[in-house]
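Participant: Taken in sequence, the protein lines are chains S and B. Residues 1 to 114 in my numbering are what the first sequence lists, from first letter to last. Residues 1 to 115 in my numbering are what the second sequence lists, from first letter to last.
Please note that the accuracy of each hint is not assured.
What the hints assert, rightly or not - Just a sample of chain B residues kept apart from chain S, beta carbon distances all over 12 Å, derived:
#1 LEU11
#2 GLN17
#3 VAL19
#4 THR20
#5 VAL32
#6 PHE69
#7 ASN71
#8 SER79
#9 GLU103
#10 THR115
As the list claims (entries may be wrong) - Taking lysine to any residue pairs in the SDA-like style, the calculated list, with each CA pair at most 20 Å apart, reads:
#11 S:LYS61 - S:GLU20
#12 S:LYS58 - B:TYR105
#13 S:LYS49 - B:HIS29
By construction, these hints were calculated from the structure, which means they are not laboratory data. Heads up, the beta-carbon is just placed ideally off N, CA and C, and yes, glycines get one too.
As a plain string of letters, each chain reads:
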Amino acid sequence: AQSVSQHNHHVILSEAASLELGCNYSYGGTVNLFWYVQYPGQHLQLLLKYFSGDPLVKGIKGFEAEFIKSKFSFNLRKPSVQWSDTAEYFCAVNVDNQGGKLIFGQGTELSVKP
Amino acid sequence: KAGVTQTPRYLIKTRGQQVTLSCSPISGHRSVSWYQQTPGQGLQFLFEYFSETQRNKGNFPGRFSGRQFSNSRSEMNVSTLELGDSALYLCASSLLSGLAGNEQYFGPGTRLTVT
Chain S
1 AQSVSQHNHH VILSEAASLE LGCNYSYGGT VNLFWYVQYP GQHLQLLLKY
51 FSGDPLVKGI KGFEAEFIKS KFSFNLRKPS VQWSDTAEYF CAVNVDNQGG
101 KLIFGQGTEL SVKP
Chain B
1 KAGVTQTPRY LIKTRGQQVT LSCSPISGHR SVSWYQQTPG QGLQFLFEYF
51 SETQRNKGNF PGRFSGRQFS NSRSEMNVST LELGDSALYL CASSLLSGLA
101 GNEQYFGPGT RLTVT
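Could you put together the complete structure from these sequences and hints?
Facilitator: Printed below as a string of structure tokens:
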């Protein structure tokens, strides 16, 4: 069965530190990849997406992610985090024979200290 | 455009009862998916409806069902509620289904508590 794995359960950073959150998926076919963010008390918001083309995708609020097909990875990065980035981050994948079904990773809680 | 709306936002039910949750997708979106979010299991896919047809179903018991109306609004129903059904139920809508540009937009969820 397809699955998504996020390497870190909880990450604590100081403001201005760089961020990289790992995400790996298990599926050998065509995929769409997503990162969603859930700020405290708010609903899930789409941060960025990869459908095809340039494997380096840019999203909102200075986030970017790189799709490495050979590693089945889609890691999220941000050069300099802010306190307002404190949230839970979810990696998700949609595969080519499952309609609109998104398979989510377990989430990574990011805490940014001011 | 208005976002995805879900009603009610909070619900408290007793074991054995049934519940119906409602979701209104973004205008023009034809696909509606439902997810269950719990601290232990994370986000799990329940089912997807596209043009009033169920496209896919997750690994949940038959007590969980749904439907979609001609205006794309969707409802999900849980019968014979169990304590383990306590969760945040999220609805998401997208323009299309499958890989053809299916970025999903989520609603605020319905918090269901079963006592």
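Participant: Should the label of PHE69 of chain B as a non-interface residue stand, given a Cβ cut-off of 12 Å to chain S?
Facilitator: holds, 17 Å
Participant: For the pair supplied as a hint, LYS61 of chain S and GLU20 of chain S, is the alpha-carbon distance within the 20 Å limit?
Facilitator: Distance ~15 Å between LYS61 of chain S and GLU20 of chain S Cα, so the pair holds.
Participant: Classify the label on THR115 of chain B as holds or violated, using whether its beta-carbon is more than 12 Å from each beta-carbon of chain S.
Facilitator: Non-interface label on THR115 of chain B holds, nearest chain S Cβ at 23 Å vs cutoff 12 Å.
Participant: Evaluate the condition: distance from the CB of SER79 of chain B to the nearest CB of chain S exceeds 12 Å.
Facilitator: holds, 23 Å
Participant: At 12 Å, judged by beta carbons, does VAL32 of chain B keep clear of chain S as stated?
Facilitator: violated, 9 Å
Participant: Taking the closest pair, is the beta carbon of GLU103 of chain B still more than 12 Å from chain S?
Facilitator: violated, 5 Å
Participant: Say whether it holds or is violated: THR20 of chain B keeps its Cβ farther than 12 Å from all Cβ of chain S.
Facilitator: Non-interface label on THR20 of chain B holds, nearest chain S Cβ at 20 Å vs cutoff 12 Å.
Participant: Closest CB-CB distance from GLN17 of chain B to chain S, is it above 12 Å?
Facilitator: Fine: 26 Å to the nearest Cβ keeps GLN17 of chain B off the interface.
Participant: Taking C-beta pairs only, is LEU11 of chain B more than 12 Å away from all of chain S?
Facilitator: holds, 17 Å
Participant: Taking C-beta pairs only, is VAL19 of chain B more than 12 Å away from all of chain S?
Facilitator: Given a closest Cβ separation of 20 Å, the condition holds.
Participant: If I take the minimum Cβ distance from ASN71 of chain B to any residue of chain S, is it greater than 12 Å?
Facilitator: holds, 18 Å
Participant: For the pair we were handed, LYS58 of chain S and TYR105 of chain B, check the Cα-Cα distance against 20 Å.
Facilitator: Holds, because 18 Å separates the two Cα atoms, which is no more than 20 Å.
Hint compliance for this structure: hints 5, 9 are broken, all remaining hints hold.
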